Structure formats: C-alpha cells, structure tokens
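Student: Numbering (the numbering used here), first residue to last: 40 to 252.
One should not assume that every hint holds.
[Claimed, not checked] Derived DMTMM-like pairs: lysine to aspartate or glutamate, alpha-carbon spacing no greater than 25 Å straight-line:
(1) K122 x D187
(2) K122 x D63
(3) K125 x E135
(4) K125 x D220
(5) K122 x D220
(6) K151 x E226
(7) K122 x E135
(8) K122 x D85
(9) K122 x D184
(10) K151 x E135
(11) K125 x D85
Keep in mind that the hints were calculated from the coordinates and are not lab data. Note that the structure is a prediction, hence the values are computed from the model and not measured.
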Amino acid sequence: MSKAVALIGNAPARPLFDDVTAVDVYDLPQTDLAGFSGVYVSQFVDQRALATQHDQLSEFVRAGGRMLFCGHPVLDVVESIPKYRKMSFRNVADIELSTVNPHPMWEGVDSKDAFYRTGVPGQHSFEQLRKIGVAGFYSRAYLVDLPDQATTITGIGPYQLPVDVSYSLGSGEVIVHNGLDLVIFNEPGTTIAGWPRRIFDYLAGVEPGGNHG
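Kindly generate the complete structure, drawing on both the sequences and the hints.
Tutor: Next up, the structure:
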C-alpha cells in the first residue's frame with residue numbers, strides 16, 4: 040500500500056508511525072517517490088536543499104501526489120507555492136485563528152484548540168484559555184502570492200489572512216501550513232488529539248478507519 044513519506048531535514052530519521060517513512064532531505068535526490076501517495080515536509084527542512092528538487096516534487100504532485108509543507112516558505116520548493124510574510128501584532132487577537140474553508144485534513148479540528156495550547160493541564164473553557172494565554176504559536180505570519188486557484192483553510196487575525204492554504208497542481212494537491220510542524224499538535228482531551236495520525240492518513244490516501252499497515 041502507498042504510504043506517506045516525511046522529509047525531516049538533516050536530523051536523524053524519526054518516523055512518528057511505523058507506516059511512515061522518514062527521509063533525510065539530502066537523500067531526496069536518490070529517493071524514488073513513485074511508491075508514495077504523500078509527502079510531509081517538516082519546518083526544519085533545509086529549504087535550499089529542498090529547492091534543488093523543485094522539479095521532482097512538482098512532478099510528484101502533478102502525478103496525483105499530496106504534499107504538505109510546514110514552516111515559512113521562502114524559496115520555490117514546489118511549483119506555485121505561496122510565500123511567507125511576517126506579521127506585526129500587539130496582542131492575542133491580532134493572531135487568533137479562524138476557519139475560513141473546510142478541508143478534510145482539518146475535519147473535526149477546532150482552531151481554538153490549535154491556537155490556545157497553554158501548557159496548563161486539564162480542560163478549560165474558551166474564556167479561561169483567553170485569560171491563561173498562548174504557549175506555542177500555531178503561526179505568527181501569513182502567506183502571499185497565492186496561486187489563483189488556492190483555497191484558504193485557516194485565517195489569522197481579524198482580517199483572516201491566509202495561514203493554511205491548499206491548491207491543486209496537476210492531478211495532485213499542495214497544502215501549505217505557514218507555521219510550526221502540524222504533527223506537534225496532539226493535545227489529549229481536545230479536537231487535536233490524534234491529529235498527527237489523521238494528517239498522515241490524509242497524505243497517504245487512507246480513508247477514515249482504514250488500515251494503516
């Protein structure tokens with residue numbers, strides 16, 4: 040069965056799940072992506088090295104693959120990828136998240152759970168979370184130069200500037216999360232519990248409740 044492949048950067052391979060293959064970005068030129076359905080790009084990847092494989096990644100997506108890029112895209116690592124733009128903000132409201140359009144990978148996720156990661160144990164009401172504050176930002180930037188067909192999934196701030204976007208490329212899809220690695224968002228008792236598993240399932244084309252092995 041096709042599986043998702045994680046590009047971790049120059050750190051030792053640390054796959055989160057047995058059915059996910061971790062690939063060092065410097066080994067990407069020698070990696071055949073034809074056997075995979077999806078690619079997960081970590082925020083820690085060397086973008087200069089990744090950009091040298093622009094054609095390989097673009098062809099992978101055009102052939103029907105799914106690619107999730109996490110981090111601040113500043114180089115053309117894949118065709119039509121939007122770019123990072125720094126935000127100026129003074130308070131939490133300036134960078135609060137909102138759902139703009141649905142996407143299967145975010146299905147069931149409340150943006151408040153992804154944003155208000157307080158580090159304080161236990162479940163809290165929305166009012167309590169706002170008083171406690173934020174620990175670990177989902178994003179503090181937005182995306183510009185979106186391709187014409189791009190869909191904004193998550194907006195940031197009062198103007199809902201794009202922070203998560205999706206766009207079609209050939210027969211495939213590129214998803215850009217302009218922030219921290221999405222696989223770190225996995226808080227028990229919230230809507231992001233088990234989210235990393237669902238993310239890799241989507242990239243691998245596994246239907247909900249399907250077999251991961």
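Student: Which hints, by number, does the structure contradict?
Tutor: Structure breaks no hint.
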